[in-house]
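Whole structure, please, built from the sequences with the hints as guidance.
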Amino acid sequence: MNFLSHLINGISLGSIYAIIALGYTMVYGIAKMLNFAHGDIIMVGGFAIFNAVNMLGLAPLPAIVAGVLTCTALGVTIEFVAYRPLRGASSLAVLITAIGVSYLLQNIALLAFGSNARQFSSVVNVPTLKLAGGRLAISGVTIVTIITSIIIMIILTTFVNKTRTGQAMLAVSEDNGAATLMGINVNKTITITFAIGSALAAVAGALLCSTYPSLTPYTGSMPGIKAFVAAVFGGIGSIPGAMIGGILLGVIENLSKAYISSQLSDAIVFSVLIVVLVVRPTGILGKKIQEKV
Amino acid sequence: MKKNKLLIQNSITYAIVIVFWLLMQGMAMTGHMTSLLKGLLVPLCTYTILAISLNLTVGILGELSLGHAGFMCVGAFAGALVTNSMADVIPGLGIRFFLALLVGAAVAGLFGMLIGIPVLRLKGDYLAIVTLAFGEIIKNLINAVYVGRDSSGFHFSIKDTSSLGLDETGVVLIKGPQGITGTPEAATFTIGIILVLITLFIVLNLIHSRSGRAIMSIRDNRIAAESIGIHITKYKLMAFSISAALAGVAGVLYAHNLSTLAATSKNFGYNMSILILVFVVLGGLGNIRGSMIAAVILTLLPELLRGLNNYRMLIYAIVLIVMMIFNSSPKVIELREVFMDSIKKNKNSKPKEAA
Chain A
18 MNFLSHLING ISLGSIYAII ALGYTMVYGI AKMLNFAHGD IIMVGGFAIF NAVNMLGLAP
78 LPAIVAGVLT CTALGVTIEF VAYRPLRGAS SLAVLITAIG VSYLLQNIAL LAFGSNARQF
138 SSVVNVPTLK LAGGRLAISG VTIVTIITSI IIMIILTTFV NKTRTGQAML AVSEDNGAAT
198 LMGINVNKTI TITFAIGSAL AAVAGALLCS TYPSLTPYTG SMPGIKAFVA AVFGGIGSIP
258 GAMIGGILLG VIENLSKAYI SSQLSDAIVF SVLIVVLVVR PTGILGKKIQ EKV
Chain B
13 MKKNKLLIQN SITYAIVIVF WLLMQGMAMT GHMTSLLKGL LVPLCTYTIL AISLNLTVGI
73 LGELSLGHAG FMCVGAFAGA LVTNSMADVI PGLGIRFFLA LLVGAAVAGL FGMLIGIPVL
133 RLKGDYLAIV TLAFGEIIKN LINAVYVGRD SSGFHFSIKD TSSLGLDETG VVLIKGPQGI
193 TGTPEAATFT IGIILVLITL FIVLNLIHSR SGRAIMSIRD NRIAAESIGI HITKYKLMAF
253 SISAALAGVA GVLYAHNLST LAATSKNFGY NMSILILVFV VLGGLGNIRG SMIAAVILTL
313 LPELLRGLNN YRMLIYAIVL IVMMIFNSSP KVIELREVFM DSIKKNKNSK PKEAA
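Note that the protein sequences, when read in sequence, are chains A and B.
Quick note: the first sequence uses our numbering, first residue 18, plus one each step.
Quick note: the second sequence uses our numbering, first residue 13, plus one each step.
No lab work stands behind these hints, which were simulated from the structure alone.
Positions of the beta carbon are idealized from the N, C-alpha and C atoms, including for glycine.
Check before you lean on any hint, since a few could be wrong.
Have a look at the derived ranges for each label pair, beta carbon to beta carbon [stated by the list, open to error]: (1) A:A195 to B:P342: 15 to 25 angstroms; (2) A:T174 to B:F168: 43 to 53 angstroms; (3) B:L209 to A:T94: 43 to 53 angstroms; (4) A:A129 to B:S277: 13 to 23 angstroms; (5) B:I28 to A:S107: 22 to 32 angstroms; (6) B:I129 to A:L21: 35 to 45 angstroms.
If you want the footprint, here are the derived chain A segments under chain B, 3+ residues with CB under 8 angstroms [claimed, not checked]: (7) 99–110; (8) 124–132; (9) 242–253; (10) 276–286.
This is the structure:
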């Protein structure tokens with residue numbers, strides 16, 4: 018029973034990673050850039066929801082909507098101000114800029130909200146589910162997290178495969194230049210991708226802070242990095258890959274925390290990344306790309 | 013002619029370091045040295061070495077490493093361990109410190125090679141994220157490890173001090189999250205400057221050697237370099253492990269400036285790696301002298317302007333973004349060229365009018 022509860026908590030944590038990883042993987046697939054600031058958008062989402070609940074007195078659901086809107090606006094702004102001028106520049110330049118944006122968000126939050134942790138009151142009001150005669154308790158947040166991530170994954174897959182905008186995204190990720198020739202507005206497509214990714218980050222922020230209720234300006238950076246690990250693990254650019262990678266990573270992290278050492282769990286997670294990248298650099302579901310001269 | 017120019021350029025770089033040293037010594041002798049500045053001198057040398065060595069990876073090799081603080085951490089702990097555990101064997105602190113520097117560099121270089129062999133097969137963003145992961149692994153491992161020594165030799169544990177099983181002569185050397193305590197503060201500004209000069213000597217000579225040109229050719233076009241018979245992995249590994257070893261030296265210097273050494277996210281975490289990267293980017297990728305100057309200015313400025321301290325990281329972040337857009341954005345580069353052309357035209361047209 019103990020193992021089962023660790024496993025379920027792992028899946029729940031992994032679902033959060035998966036939602037974040039979806040944002041990473043879409044942006045990477047379409048804009049070919051590693052958006053390092055993605056983790057910090059989660060943090061901004063967390064603060065937006067926190068302030069919407071505590072200062073504006075909104076109910077949880079409108080607060081989440083406010084958070085999603087804030088993050089979407091933020092993501093689109095960041096893309097427009099910092100990343101768009103660098104389209105066509107070397108990937109090193111883009112990556113360093115993204116690190117700069119990540120730092121900027123952290124430090125603005127630090128100046129605005131201070132470094133003291135805020136107690137985030139859960140935005141999920143679902144009672145704990147007791148199974149097997151009360152021996153296995155699954156908290157409401159866990160259930161909501163897992164279900165939310167599944168719904169998001171289904172909606173996103175349908176969106177990408179069935180709508181015109183989604184098809185445009187696929188086309189841009191396949192071949193940027195050819196997509197432009199076919200009349201696809203690449204800039205608009207990338208903006209939409211950032212909007213979706215950032216909205217997902219806000220949802221992830223709500224779930225993350227409901228699971229781990231302490232909110233600081235650095236809340237997003239570690240989950241952000243781990244979600245990137247998850248995206249790479251599953252094969253970057255692939256939506257189901259991000260999901261699988263996220264859940265596997267969450268399970269590995271939680272089980273190693275429970276059975277090996279809580280201090281070494283991060284080290285284990287990162288070792289998994291290194292092993293995966295060395296053995297199979299394109300991840301579990303990634304496509305192999307042949308390099309042409 | 014070209015060789016002479018190179019010699020002059022390099023001499024200027026060394027001269028800057030020596031003049032800085034003389035200036036600081038002069039200030040100390042005439043009593044103009046504030047205690048704040050005095051405390052900053054050794055960290056300045058540490059940061060300078062880190063910036064120069066990271067520039068070797070990022071600027072010269074062209075691969076982004078976000079785990080530089082990890083190598084520094086390895087070097088720091090290896091060095092401090094040597095100084096502390098050799099206290100009975102070698103009484104002279106100077107010799108122990110020298111030995112610590114060698115060991116720190118060797119261990120960090122070895123880690124650089126170990127992590128480099130599998131990882132340098134990856135490119136760009138993947139390499140960046142793996143080096144970041146590596147830095148975090150190192151920090152986590154050091155926080156979890158306990159090392160002690162007694163009459164029967166060294167003991168290791170990843171649980172706590174009591175599970176080391178030391179007898180009555182036992183001394184705990186690394187205490188997990190508390191790190192290493194009681195390292196003698198052997199680092200002085202002069203030693204720091206000497207190490208900076210050695211680092212410069214190694215890096216500048218490497219860059220202008222056959223190997224250095226091979227490394228830069230990999231940066232500029234990997235496939236072309238490979239096609240003319242340059243052994244990619246060998247040269248990549250070479251640059252990467254030298255860079256790691258130098259970061260290890262900086263770590264040893266860092267460790268011997270503080271009596272307590274613990275691996276926190278502030279000193280050896282991802283933030284530190286980014287900080288060093290800011291130095292390198294601001295100084296100019298591939299420009300050794302630039303990263304040196306940027307490290308000094310960016311360390312001194314916020315400390316001297318205390319009021320700015322809260323905004324320090326914010327300013328760093330903005331500097332990073334603006335620099336990148338200014339230097340790399342295709343549109344901005346075009347604009348700059350148009351602007352420069354118009355200036356040139358003005359200059360050319362004016363004398364004509366006079367004539």
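Each hint tested on the structure:
In this structure the hint that A195 (chain A) and P342 (chain B) lie 15 to 25 angstroms apart at CB holds, the actual value being about 20 angstroms. Evaluation of the 43 to 53 angstroms hint for T174 (chain A) and F168 (chain B) yields a pass: the beta carbon distance comes to about 48 angstroms. Restraint check, L209 (chain B) to T94 (chain A): a C-beta distance of roughly 46 angstroms satisfies the suggested window 43 to 53 angstroms. Take A129 (chain A) and S277 (chain B): their Cβ atoms lie about 21 angstroms apart, and the range 13 to 23 angstroms holds.
Distance hint for I28 (chain B) and S107 (chain A): a CB-CB separation of about 29 angstroms, consistent with the stated range 22 to 32 angstroms. Remark: the range hint 35 to 45 angstroms for I129 (chain B) to L21 (chain A) is upheld by a beta-carbon distance near 40 angstroms. With a cut-off of 8 angstroms between beta carbons, the region 99–110 of chain A has 10 residues touching chain B; three or more are needed, and the interface restraint holds. Remark: the region 124–132 of chain A is confirmed as covered by chain B, as 4 of its residues place a Cβ nearer than 8 angstroms to a Cβ of that chain, reaching the required three.
A count of 4 residues in the region 242–253 of chain A with a Cβ less than 8 angstroms from any Cβ of chain B is obtained; the coverage claim is therefore met, three being the minimum. With a threshold of 8 angstroms between beta carbons, the proposed coverage of the region 276–286 of chain A by chain B holds, since 5 of its residues qualify and at least three are required.
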